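Protein chains: 2
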Amino acid sequence: MKKIVSIVILSLLLVACGKTEIASLNTVSNIEELNTAIKDAKPGDNIVLANGTYKDFEIKFTGEGTEDKPITLKAETAGKVFIEGESSLEISGDYLEVSGLFFRNGHSPKTNVIAFRTSAKDVANYSKVTNCVILDFNNLERDQDNLWVQFYGKHNELSNCYIAGKTNGGPTVRVDLKGNQSIRNFHKIVNNHFGPRPRKGGARGETIQLGSSFTSMSPSNTTIANNLFEECNGEVEIISSKTNFNIIKNNVFYKSEGSVVTRHGNYVTVDGNYFIGDGVNDQYGGIRIINTGHWVINNLFYKIKGKNFRSPIAIMNGIPKSPLNRYNQVTDVVVAYNTFVDSDSPWQFGVGTNIAQADVLPKSEIRSARPLRTEVVNNVIYNSVGDANPIIEHDKADGVTFKSNIIYNNGVKIENSHGLISKELTLTDIGTDLSVPTSGYDDVEIYNGFDFKTITEDLLGNSRSKSNQIGAIVNSGSVNLDLLDKSKYGTDWYSNVVGAKDPTTYTVANTSELVAKLKAAESGDIIALTDGVFNISESLVVDKTITIQSKGNSEIIFEGAANTPAFSLNPYGKLTLKNIKLKGNGSNYAFASLKENMSNHFGLEVVDSEISNFNYALRVYKQAYSEEITFKNTAISNCENGIELSEETNDRGDYNTEYLTINNCNFDNVKQNVVDYYRGGYDESTIGGNLLITNSTFTNCGAKEKNKRLLNHNGIVNVNINNNTFKNNNVKFVSILWGAKNNVESENTVTNSGQIKTEENLVMTLMY
Amino acid sequence: MKKIVSIVILSLLLVACGKTEIASLNTVSNIEELNTAIKDAKPGDNIVLANGTYKDFEIKFTGEGTEDKPITLKAETAGKVFIEGESSLEISGDYLEVSGLFFRNGHSPKTNVIAFRTSAKDVANYSKVTNCVILDFNNLERDQDNLWVQFYGKHNELSNCYIAGKTNGGPTVRVDLKGNQSIRNFHKIVNNHFGPRPRKGGARGETIQLGSSFTSMSPSNTTIANNLFEECNGEVEIISSKTNFNIIKNNVFYKSEGSVVTRHGNYVTVDGNYFIGDGVNDQYGGIRIINTGHWVINNLFYKIKGKNFRSPIAIMNGIPKSPLNRYNQVTDVVVAYNTFVDSDSPWQFGVGTNIAQADVLPKSEIRSARPLRTEVVNNVIYNSVGDANPIIEHDKADGVTFKSNIIYNNGVKIENSHGLISKELTLTDIGTDLSVPTSGYDDVEIYNGFDFKTITEDLLGNSRSKSNQIGAIVNSGSVNLDLLDKSKYGTDWYSNVVGAKDPTTYTVANTSELVAKLKAAESGDIIALTDGVFNISESLVVDKTITIQSKGNSEIIFEGAANTPAFSLNPYGKLTLKNIKLKGNGSNYAFASLKENMSNHFGLEVVDSEISNFNYALRVYKQAYSEEITFKNTAISNCENGIELSEETNDRGDYNTEYLTINNCNFDNVKQNVVDYYRGGYDESTIGGNLLITNSTFTNCGAKEKNKRLLNHNGIVNVNINNNTFKNNNVKFVSILWGAKNNVESENTVTNSGQIKTEENLVMTLMY
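If you read the protein sequences in the order shown, they are chains A and B.
Quick note on our numbering: the first sequence kicks off at 7 and runs consecutively.
Quick note on our numbering: the second sequence kicks off at 7 and runs consecutively.
Excised from the complex, chain A in its bound form:
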């Protein structure tokens, strides 16, 4: 169907205005029409993509617009044009604009979903993508990295978009600097809403990456401003700046488990941003600083509890004469006019020092170069609950100048204060759930560092020229911010706010009802089993959030084929199993992910249940991932294998779950892989996974374990084995803990089960 509508009125109007160019408005509805329209497009032309769903739609938008007359490619109605299947958008030329598209239910067949180029030589300039959504547009496999938006060329813009749900490897957005056509690019990433990016389980989960170490000498001059980053939990870096002269300004980082990191490159300005935590979650971070010449000014840190790498201000140690892709020394950095409210130990220096590991790491990995010529000045700290250690020196901060910093510490004495000036301060409400100190210290002399005259405004944009004062906010009357009003960010048509929905509970009395209701239920619903036995012969597919529970006398007997699971955990499948007895035939599995095409995360929580007679209690395949896996008050018995999470062996720092929690469980006669949880590849900045085993009993387990360890958690960074009983397990070690990392054990009773050992340094594959 051809449906090209030329709007003559527009040309008439133009003629009426004394102009002679005729701009056309073409509505197209398939790829051929689109390509023709693109081919014919002249400056000022508007190509309209008719409302509808476009499957396997690879757009190459090329053209030469002008500053006054861009060529546009728009959805007929913003948000009503769905790009699905194997689809992508590539743009090259000048002054091109794309708006209103919704990328969903699919993935890109290329390395990018949206690329600002159509070939290595043909890049876009002065072009933008605006008012679009990319949602869950993931590759089928987690290890198959890609990018959702890749910038090339110069002066391009990503604005007012909503982008969320990337689970596969690779930053969500990246700016590419390879080639002179892409340096000094002055790209703008503004007014977007970066919605939740789930924990990825390892590196390569940044939300925005500016360049790479290989282009870390290049001037980028990219601006990231006025965006909302909401639950961007992909990895430790939300924004990874790897080039020079970038500006990160006035963004809101809300409950995001990571930091803004000046990973490579230099002279980045991080100005006037809000880092907002909840006062509890210690994964929410602030700004981590590496390299030279960064200015960190006017930022507000609110209830940020991140530690060490994720502390509000983390200034790292460098590697002397560092290799290009590792850690340059911090020099000539300015941290000024920031305010910290109820954020623990907000200033940490020498972060990442690893001098103690000199024996197991090559010299080129030892971070011993402390910051030089760095100023931490004119900052305000407010602690409702006093903090004895607002400043932590992992290594000496002897190259740092501290001046004119003040603190309210609720009377708690400060160790190692570096001249912090104590003041009685109070909080002033400045908006929804946000109160900060804004006065009470105008008598403190402002430190006037080199070029500080360029800091002309405060966090709120108020002038600092008159009555300047320290801290992020100049005292300037009443303020009423609503930072989390999501209508201020992203598109004008999409919202990720979902209304609360009460779950529906389906009571099922037999297997066929169970199968039918499991299919019919919506995400979040509950399936309640009546008392009795449910014989299942084929795997139950879990592809949404679902709870399956009983009153305590329900039994599911799985009679399915060998090596198939009772519950097949599909993408998006988040299962809670409560109060169920689950029995196998000895050769099949209780729970398993798909072997492939795990294009999104699954989840598993097993409570008050009994799992017995399986080949595997849980088998998670290589590229499958769950943010959390929990077994609680549950017995696992008479299984050949227990909880198997060791197939992600790419040794790139990835692993199969972020949190594995085993609490008050009873393992009996599980012969091998009792708990097998693996992460490979040395990477100092990966902070997971997390293994908690507590209040549990292991008896007669591990007899067939080849390495003679009952609990295998090689490379997992956080391990806590507490208050368990290990009895009559025929192994040599209950566990070998990694002393240099956060691996601990306490109050365990070990009887006839070998020992728990700690090795300080683990010899691992270097990822670099």
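None of these hints come from the bench; they were simulated from the model.
The structure displayed is predicted, hence computed values, not measured ones.
Careful, some of the hints might be misleading.
Repeated chains share a single entry, so a pair holds when one copy, or any two copies, can fit it.
[Claimed, not checked] Result set (SDA-like, lysine to any residue): computed pairs, CA atoms no more than 25 Å apart in a straight line:
hint, residue 1, residue 2
1, K160, D449
2, K327, T359
3, K677, G530
4, K48, F456
5, K184, T407
6, K66, F456
7, K525, D537
8, K429, L330
9, K184, L330
10, K184, F251
11, K409, F192
12, K75, F456
13, K507, L330
Knowing the structure of chain A, use the given hints to seat chain B on it.
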């Protein structure tokens, strides 16, 4: 004596002009007056240093001038104010100008002669040193490094100065980037005459260094323009650019044994410079490129014979993920619109590749990363004598785009042409001793690379907007350059042009005449000995260029004390000894440098002579250096030690002479240190020293040599042992050659003297 003259006329004039400020002109003649004048100086004031000699004069010039009213410190008459002894100049503040001073006969007690700061915090901005001379202002010891001009702060200038003769370690001029107060400095080094800097013998002999590897990420934006570099032979780097965004433009590099090197840092523009050689000396270099984003455009290379590191365009291999202080990969470099006339193999790629040395060097030293995304386009090569290999690939140039390059090769077939277009070209005279092709290729399509529109002018400043063409010069009518008219560079009062002077010959008939005339003679004179014996009891001091000769029947018998030399080679002492029999008493020396305070180089040439009966024929102490040492047609016999040049053991790549030449000599019964010439410290870019031993005979030598080697030349890069006879020398090796470097031997006859061995790789101390 106080001599402050207030010039009221000036103020009257100002008043007459309706201005009310009074600028004063104070003439001062000692440090107290100067300091008072400086202390009292207001914008517009002129402080005048009265003509005369100022010894041990440490000037601290501080003040706050303005753009319209700088504060000046001037010589009463430019060139008549001599700063001598232990003296220095430090400047801090704004808009300060120093002019007309002559630094000579001394050295600085500080680390700089001129520094644009007075303390670590107090730097100069918008200030300049102009119309001054620094001549031979060397530290007393060669290993005592310093700088003659050190830039700090911003917007400072060194202009119209003459600077020459630095022999001690350290670049002549350096720009310091440590600290935010010194970045984006926009300093100017313009219109200067950098006169001869002698070969230093090792590294740390640059004429200008812009930053260091530790600040190689910083934007410098320094301009070096319109300077004459004449015989700047200090080391392989004339200009070592180690920061970003520098501009090196319209300079003349004349007979300078080195290159412009983008050693660290990126995005440097090398535009419109002249590299002029003599068609013979293969030490004169061009531009050596490391790192990212440099533009090398509009340059002319004329009769440059440098090879490899010194080739006209040397594009190096980098080290993958290089350490900060080593070699980053070349990426995104543009080499366009340059012209090469009679310059051998002007384009060399993969320079410095050392994959073959992977066994003896650590991985972090292996230069295996070839250039990427680099364009070599729109260049012209003219060879009067055809060159079969204009392009040399030490490693593959597979990351380089070659387009629109043309060559005239006088009919010689080209190997490996990478698309070079052959043309019949002729040379056009464009000035004194300079002729280049300027036409005959306007039919060749110009390659239009990214941003090439910014190349708006050619070498001569002619517009490229109309009738553009490839090569450095747009064909634009007759041109008459006089690049070597030295009046265009440096001061308006000093010239290094010296008139030719005929040497005076003094004939002396006895020892006292010899002693007297040696003292009285001027540099360049000749002392002729009559036939007969000259008994000398105290060392003859050589502190100028002098020739001592005879008709063949003169004998000098040195009866001086043990371990004292017949000829004491002092700074500046360059001795030619011709046709003399020189005998010692077995315990004293024939020739020796001073043990300390060798503040300038010496020289030694011994021809047609006989040296016998000494403890040492030649002993050169640790910090002494001669550019050349030559023994020709000379016998050295019955000495405990021969030629000793192995005391420079700092292992920083330094050595005691650049060229040691032994031709047609006869060594007999020299017991140890027969030839001992040492260079320590691994450094790929040190190209010396040079040992040539040819047509000579060694008999009964080396008996006491502890390491059982007759010829010791550990670490010397160029060794040629050719056509000699070695007979009955009780050693194990005549020589051990360093195969990986340029060590060769040929046509030697070795009888009962061990062997000559080649070791491919020498294990050396890494300097980094």
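For each hint, the structure was consulted:
no., hint, result
1, K160 to D449, "neither (46 Å within a copy, 33 Å between copies)"
2, K327 to T359, "both (15 Å within a copy, 21 Å between copies)"
3, K677 to G530, "neither (35 Å within a copy, 97 Å between copies)"
4, K48 to F456, "between (50 Å within a copy, 24 Å between copies)"
5, K184 to T407, "between (37 Å within a copy, 15 Å between copies)"
6, K66 to F456, "between (48 Å within a copy, 22 Å between copies)"
7, K525 to D537, "within (21 Å within a copy, 121 Å between copies)"
8, K429 to L330, "neither (44 Å within a copy, 44 Å between copies)"
9, K184 to L330, "both (16 Å within a copy, 20 Å between copies)"
10, K184 to F251, "both (16 Å within a copy, 18 Å between copies)"
11, K409 to F192, "neither (34 Å within a copy, 30 Å between copies)"
12, K75 to F456, "between (44 Å within a copy, 24 Å between copies)"
13, K507 to L330, "neither (51 Å within a copy, 56 Å between copies)"
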